[in-house]
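Number of protein chains: 4
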Amino acid sequence: MFDKFHDECGVFGVFGRPDAANLVYLGLYALQHRGQESAGIASVGPEGRILSEKEMGYVADVFTQERIARLPGDVAIGHVRYSTAGGSMLCNAQPIVAGTSKGQIAVAHNGNLTNGDELRKQLEAEGAIFNSTADSELFVHLIARSKASDLEGAFIDALSRVQGAYAVALLAPSRIFAARDPYGFRPLVLGKLGDAHTISSETCAFDLIGAETVREVAAGEILAIEANGVRVVRHARGEREARCIFEHVYFARPDSVVFGNSVADVRQRFGRQLAREHPVPADIVVPVPDSGVFAALGYAQEAGLPFQYGLVRNHYVGRTFIEPKQTIRSFGVKVKLNPVRELVAGKRLVLIDDSIVRGTTSKKIVRMLKDAGASEVHMRVSSPPTSWPCYYGIDTPRRKELIASTQSNDEIREFIEADSLGYLSEDGLLEAVRNDDDPRSLYCTACFSGKYLRPEESEAVLVAEAAASVASR
Amino acid sequence: MFDKFHDECGVFGVFGRPDAANLVYLGLYALQHRGQESAGIASVGPEGRILSEKEMGYVADVFTQERIARLPGDVAIGHVRYSTAGGSMLCNAQPIVAGTSKGQIAVAHNGNLTNGDELRKQLEAEGAIFNSTADSELFVHLIARSKASDLEGAFIDALSRVQGAYAVALLAPSRIFAARDPYGFRPLVLGKLGDAHTISSETCAFDLIGAETVREVAAGEILAIEANGVRVVRHARGEREARCIFEHVYFARPDSVVFGNSVADVRQRFGRQLAREHPVPADIVVPVPDSGVFAALGYAQEAGLPFQYGLVRNHYVGRTFIEPKQTIRSFGVKVKLNPVRELVAGKRLVLIDDSIVRGTTSKKIVRMLKDAGASEVHMRVSSPPTSWPCYYGIDTPRRKELIASTQSNDEIREFIEADSLGYLSEDGLLEAVRNDDDPRSLYCTACFSGKYLRPEESEAVLVAEAAASVASR
Amino acid sequence: MFDKFHDECGVFGVFGRPDAANLVYLGLYALQHRGQESAGIASVGPEGRILSEKEMGYVADVFTQERIARLPGDVAIGHVRYSTAGGSMLCNAQPIVAGTSKGQIAVAHNGNLTNGDELRKQLEAEGAIFNSTADSELFVHLIARSKASDLEGAFIDALSRVQGAYAVALLAPSRIFAARDPYGFRPLVLGKLGDAHTISSETCAFDLIGAETVREVAAGEILAIEANGVRVVRHARGEREARCIFEHVYFARPDSVVFGNSVADVRQRFGRQLAREHPVPADIVVPVPDSGVFAALGYAQEAGLPFQYGLVRNHYVGRTFIEPKQTIRSFGVKVKLNPVRELVAGKRLVLIDDSIVRGTTSKKIVRMLKDAGASEVHMRVSSPPTSWPCYYGIDTPRRKELIASTQSNDEIREFIEADSLGYLSEDGLLEAVRNDDDPRSLYCTACFSGKYLRPEESEAVLVAEAAASVASR
Amino acid sequence: MFDKFHDECGVFGVFGRPDAANLVYLGLYALQHRGQESAGIASVGPEGRILSEKEMGYVADVFTQERIARLPGDVAIGHVRYSTAGGSMLCNAQPIVAGTSKGQIAVAHNGNLTNGDELRKQLEAEGAIFNSTADSELFVHLIARSKASDLEGAFIDALSRVQGAYAVALLAPSRIFAARDPYGFRPLVLGKLGDAHTISSETCAFDLIGAETVREVAAGEILAIEANGVRVVRHARGEREARCIFEHVYFARPDSVVFGNSVADVRQRFGRQLAREHPVPADIVVPVPDSGVFAALGYAQEAGLPFQYGLVRNHYVGRTFIEPKQTIRSFGVKVKLNPVRELVAGKRLVLIDDSIVRGTTSKKIVRMLKDAGASEVHMRVSSPPTSWPCYYGIDTPRRKELIASTQSNDEIREFIEADSLGYLSEDGLLEAVRNDDDPRSLYCTACFSGKYLRPEESEAVLVAEAAASVASR
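Chains as they are written, first to last, in the numbering used here: chain A, 3 to 475; chain B, 3 to 475; chain C, 3 to 475; chain D, 3 to 475.
The set of hints was computed from the structure by calculation and includes no laboratory data.
Put simply, identical chains are the same to the list, so a pair is met inside one copy or across any two.
As a list, the in silico EDC-like pairs of lysine to aspartate or glutamate whose alpha-carbon atoms are at most 16 Å apart:
hint, residue 1, residue 2
1, K327, E68
2, K194, E228
3, K327, D76
4, K336, E214
5, K149, E128
Generate the whole structure from the sequences, applying the supplied hints.
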């Protein structure tokens with residue numbers, strides 16, 4: 003409904019607790035924001051048999067008491083998935099469970115493989131059968147076909163053949179393997195709950211189950227979580243990392259620590275930097291809830307302006323919604339947000355959001371605020387203009403639908419009907435996540451810069467878009 | 003799940019729009035916070051026949067496209083209901099539809115009648131039959147039995163016999179009557195959508211459908227909304243009003259205007275006054291989301307302290323939740339709230355909430371913040387101690403379960419493990435809602451003061467509690 | 003879907019067993035053929051409070067384990083209801099539970115009151131409110147308004163004011179009253195299960211729970227089932243009885259004993275008499291399953307012809323059915339019935355059914371059999387032509403839709419495309435149910451003869467039909 | 003619930019009709035008796051893409067209008083599956099859809115492969131991954147891995163590697179392949195609906211959609227159904243056939259023609275032969291409905307005894323059933339069957355059923371009839387004693403649970419408390435299905451005789467049972 007980039011998945015796992023599936027359920031509950039299309043859990047049941055339950059829907063709807071009871075055992079992994087256009091089918095839900103020459107396995111994957119199509123064709127030619135349209139199935143096939151003598155070797159083999167982004171959990175009857183790709187695009191953290199170990203896309207899920215963060219799974223690392231503890235299977239360090247900066251901009255929950263930084267903290271720093279880069283005479287700073295809240299707090303602090311909740315969010319917004327026959331102005335946004343007239347009327351507003359994708363929602367919000375009496379609305383965005391699609395596991399519109407790829411700053415401002423518009427600079431953005439090393443060699447900012455890891459990729463965008471544009475004439 | 007007083011209902015109505023039931027659905031959607039147990043709509047269908055649909059559950063779950071299609075017509079009213087203990091049954095859902103000597107009618111009621119039991123016994127003795135345990139059914143019986151020659155007279159008759167709190171909508175084939183009790187306990191507002199009229203418990207519902215507020219239905223007033231417009235049927239002014247102050251403290255949505263004041267505004271004034279009454283050296287002001295947010299903003303502004311989102315709320319919290327077998331400390335609260343360690347660690351916090359009922363949730367939150375490293379937690383509450391039950395339509399625990407009725411301030415502070423505790427004074431509270439008249443003769447503060455409208459009522463509490471206490475020995 | 007008269011309800015009750023609601027569930031399960039629209043149970047819970055659960059749907063779908071668990075207590079009554087046109091609404095489901103001046107009561111009713119509309123108007127004028135469109139609600143109002151000092155007196159009072167057909171169970175906290183109208187139109191039987199007592203519309207429900215039949219509740223009798231046993235409250239004998247002959251023709255289950263006769267037995271006697279009245283040279287006797295099975299067995303025995311299952315019934319026929327876009331000949335019937343080509347091809351058939359209402363289904367069946375190769379199809383019907391509507395609790399079409407009310411025997415034969423057609427005579431029909439007394443003063447045959455109990459009733463049919471016919475021009 | 007062997011599946015397909023999925027739905031509806039666990043349909047949608055929907059449950063519950071609308075196209079296949087112990091999981095539902103090197107395919111399979119485990123191990127060793135525990139998945143893998151250049155060659159390849167029983171439909175974007183194993187264990191018939199072609203496990207499904215039977219798919223034959231019509235791809239005739247005799251004994255619907263004979267007809271011949279083999283002085287012949295009905299008709303005709311419906315079946319028996327806490331004698335059977343006391347009391351009965359598996363149900367039925375007053379109950383079974391498990395697609399208990407494998411005739415008679423017991427002889431059974439050739443070389447009777455097609459198979463039973471017996475000590 004809303005005009006945002008979307009994360010594709012969340013991954014969670016527990017090794018060594020009698021109620022493992024129940025804890026995974028809780029973990030997925032905390033990771034629900036990373037995927038609302040489907041939810042699934044696989045556990046190691048009696049006699050080492052892998053059992054699984056998955057379905058379209060929210061974690062809390064998919065998993066009833068009865069269903070969790072069907073997943074006994076003290077080892078389990080789980081997955082939540084976001085619905086990308088066209089791919090919203092049960093067969094794409096994860097974990098993927100399969101019987102292979104290396105025994106029964108289950109796979110939960112967050113990310114996107116850039117050589118997925120190529121691998122799929124190759125494997126089909128060799129006789130492989132595919133039951134889903136998801137890249138993630140490739141891991142299973144590559145493991146099953148590996149010449150390695152055991153699962154561990156086969157997993158190393160499989161990872162050596164895939165390119166792109168992955169944070170992946172591989173469940174086997176007596177261990178969980180956890181791995182991140184050599185660039186470390188997508189996050190994955192190792193935690194501890196008493197004697198048990200746990201992995202998660204984000205630390206907020208550890209908080210819910212009372213686990214402590216141990217450390218991130220490193221880029222290029224494979225861990226084996228076993229009865230004896232955690233063992234580093236391999237660590238293939240690359241020449242650079244490419245952590246997804248959008249986790250800090252929008253995806254991750256603010257109470258998570260991602261790539262070594264508190265998300266809430268980083269977002270406030272974005273806001274402060276934004277205030278320095280784009281000051282404006284105004285009365286109040288108003289966030290678009292909830293995505294703009296922390297940046298707005300930072301902006302307000304830096305600018306010395308009052309922070310105000312000028313837009314209120316309806317907490318009961320659900321999946322279904324029956325629109326009235328007679329159209330109401332700005333209706334779609336109103337279901338979710340409502341201005342507080344008394345707070346904004348007659349005021350000059352700095353309106354803060356994390357990003358602008360197509361611009362349509364921003365336009366409705368600006369209009370709603372002006373209808374409520376705001377005298378000026380100055381839009382400030384806590385990230386640079388999003389002009390390029392992502393290939394590493396984020397669902398983005400095609401390039402020509404990204405308003406910033408075809409319109410100048412001023413055209414965008416005019417489109418959204420704001421009185422002024424300012425985006426955070428890429429330098430400012432990266433500065434906010436700086437720890438010891440140069441963030442330029444640690445983060446991927448391709449969606450802002452078009453600087454993909456491989457030059458041919460940005461080429462690919464232009465060619466593909468041109469082809470699509472010809473085809474659609 | 004949470005330790006709050008609960009509102010009992012929301013009422014909405016539309017007269018004069020072809021898609022009336024659809025608009026009522028939207029209105030109820032916006033009023034969902036006033037009642038999550040059941041939702042219902044009644045409309046005037048072909049040949050003036052009243053049709054209705056109601057069910058246990060959320061508005062968005064109860065009303066499918068198909069169901070709304072079964073409610074044609076350009077006049078409709080709706081109701082959301084909160085689940086009070088023991089009374090959670092479909093037969094109590096509203097609107098109540100009935101065939102009477104005055105024709106078919108439907109009733110939607112927010113409030114509680116203080117002479118309900120007495121009237122019920124009297125009516126049963128006269129041969130009336132009751133299908134629910136809800137007070138609201140009394141309206142229907144009193145109308146049916148009135149000697150008045152028409153529905154309007156019968157409604158006036160009925161209202162003259164009931165005591166207590168009501169904001170009520172009465173649907174008849176060609177009009178909607180809207181009425182508030184002479185004390186005006188519960189809110190009800192009249193709006194306009196083009197040529198059509200609409201009524202609502204709160205103005206936020208008007209915003210969603212694009213209607214404008216016309217005015218409040220006055221205390222003691224009965225309106226008839228008809229094809230010719232709105233007509234004042236009667237206005238029985240009482241010697242004083244008794245608007246529920248808790249609407250401003252907690253119930254109403256911050257984007258509503260209630261009893262002539264913006265809720266968001268009033269809550270910030272509560273916060274500012276609280277800062278003046280209970281200052282404390284601290285580093286940051288942290289709200290309990292979402293109930294404490296506006297008061298915390300006010301407190302921070304007045305105290306000159308930074309406002310920080312030190313607690314993050316999980317937006318996917320739903321109805322069902324499967325707890326793990328092995329108990330996790332503070333689990334119940336963690337599902338909903340999580341501290342942001344990086345923001346609170348090592349800091350002295352002013353923690354703001356709107357009220358403390360039993361104290362158990364506050365205790366868990368304080369503990370959670372200290373576990374996350376907060377060095378001090380100073381609890382500030384933006385209303386006085388809640389020590390008395392309500393008889394006018396709010397679901398409150400019995401007196402002895404209200405921590406403030408049996409414990410001193412200091413005992414409460416100790417129980418919730420806060421470093422200090424301060425409540426807003428009743429004077430401060432009332433000052434914040436002052437317009438022209440003395441708020442002391444306009445608002446009901448019985449839940450804080452025990453000063454009920456009739457002296458015998460507070461007597462009744464003590465007697466009933468004593469009896470219950472004897473019975474439970 | 004099928005062209006039959008329909009019974010309106012089944013009633014069941016248990017007094018004195020710890021799992022009363024569960025036994026009522028079983029009883030309703032066995033009575034499911036008497037009503038598939040809704041099912042409901044009311045039990046006497048803790049502290050004598052009457053609890054109830056009812057919903058649209060089949061007994062087995064409505065009542066889950068969880069739902070039955072919500073109905074504790076050792077006294078309970080239940081009801082299944084058939085969906086008559088227009089009245090298919092939850093508010094019409096029974097038992098009806100109500101709080102009255104005589105305490106809480108629940109009512110389950112099978113039948114139809116002939117002075118229902120009149121009573122309803124009268125009661126509304128006195129201030130009564132109606133929540134359903136069902137006649138059965140009248141019992142509750144009449145009881146509530148009775149001047150009698152106790153429930154028993156009020157029930158006697160109430161019954162003295164209603165006219166028409168009723169077999170009714172009235173649940174009070176410490177007893178069940180069971181009553182039949184003075185004509186005894188609808189059946190009701192008393193049974194015994196150990197020390198407990200039970201009542202049922204049919205004896206087949208006793209068989210399922212292992213109860214024994216004690217006796218019928220007599221026409222005009224009121225029984226009170228209490229802790230001390232069964233007490234006759236009143237027995238108002240009328241000048242004659244008017245048992246519904248259609249219970250034997252079609253409604254009752256063949257394994258029930260109704261009005262003192264085994265239904266299976268009576269139907270075979272119908273068949274034998276039919277063979278005597280309408281013999282025909284033929285090869286085999288084929289029933290329309292399942293309604294014609296027993297009559298066909300009797301016909302075959304008497305005629306000395308082989309009985310053959312030339313039509314097979316699909317046992318999985320359910321509620322929903324998705325028809326193909328491209329119409330298939332005789333499709334509706336085919337879903338339920340299929341001829342066995344090998345058994346009927348080249349044969350002369352006697353086809354037996356219990357009745358013909360509109361004739362459309364018979365026509366499809368005859369055609370289906372001829373398509374399957376039958377050389378001749380001689381239709382024989384085990385009851386007289388149904389030419390008149392019923393006012394006593396059976397759902398029948400309007401008179402002009404009854405093929406036998408407007409068409410001669412020969413015209414009907416031609417319409418259904420049979421080679422010959424024979425109906426059982428009314429004399430033959432009644433002879434088959436003769437025990438000691440003259441069945442002519444014991445049974446109602448108005449649907450065949452138009453001889454209603456009161457002369458003005460048949461007059462009423464003609465007038466109403468004429469009016470309807472004028473109105474529809 | 004009942005003590006019967008169970009068929010494992012039904013298969014249906016349509017080529018060349020715009021509403022193909024709808025017709026497949028109807029076909030599956032008619033085949034529901036062959037599998038109640040799950041139902042699925044795959045169709046060829048726009049751009050030749052194979053779409054599918056499948057779920058646990060009955061055909062009518064799984065397929066809503068909306069769901070069928072998601073399956074456009076004029077080619078479709080479907081499958082119903084029976085729930086075997088342990089294997090009741092959605093992943094085992096069919097059709098199985100997969101992307102392969104030969105394009106997208108869908109497979110629906112009835113039968114059981116005797117070299118399934120062996121093939122699975124072999125394929126896993128080659129890197130194949132398995133998503134279900136069903137044999138049927140092997141077809142997909144063997145096709146995907148075939149060296150053949152096209153799908154047709156790959157299918158021939160695949161069939162050359164599997165052993166055991168299969169009637170299989172293979173859906174490709176432009177054709178349906180239909181095949182039966184060389185022994186022809188399981189039935190599959192080709193039909194015609196106007197210009198379109200259709201395949202089905204049984205002819206009764208053709209009747210429902212108005213199709214005509216063309217001929218059986220021959221044992222060992224592969225057909226390709228294409229735009230140009232039906233083409234014989236291959237016909238590998240074996241030295242003998244091994245049609246499952248149990249299709250005639252119990253599985254198939256009586257209105258089907260199976261293996262060239264009318265099922266209703268064959269069952270009556272079984273009954274007549276049974277009367278010749280085991281005559282007994284008696285008053286009436288009573289079938290166990292519905293399985294014994296046709297055999298009972300045959301017995302009664304041959305014996306010159308009256309056929310009587312002494313047991314009546316409840317047609318509303320559904321999936322769920324809530325048993326009362328206090329056990330009732332013979333309860334489980336009573337839910338489904340009830341004796342008609344008036345027909346059986348004082349009579350000597352010949353009770354006819356098709357088979358006895360464990361004997362527990364027969365015992366309850368005999369007892370129920372004696373409780374209802376039957377003076378003698380002579381059990382007659384229209385097939386030989388079932389003493390051996392089946393490997394060819396029928397779900398049978400383990401050998402030691404088959405009463406006839408461990409008990410003599412007389413011991414069985416005593417166990418079921420019958421006055422006498424007679425089974426149809428194997429010779430008598432086979433004689434009833436004789437057409438031109440010797441049925442001994444056409445039918446499989448291994449469940450009666452233990453004469454499996456390969457000697458090692460019966461060896462295998464004894465060894466496995468011994469091992470299981472040791473293991474369970």
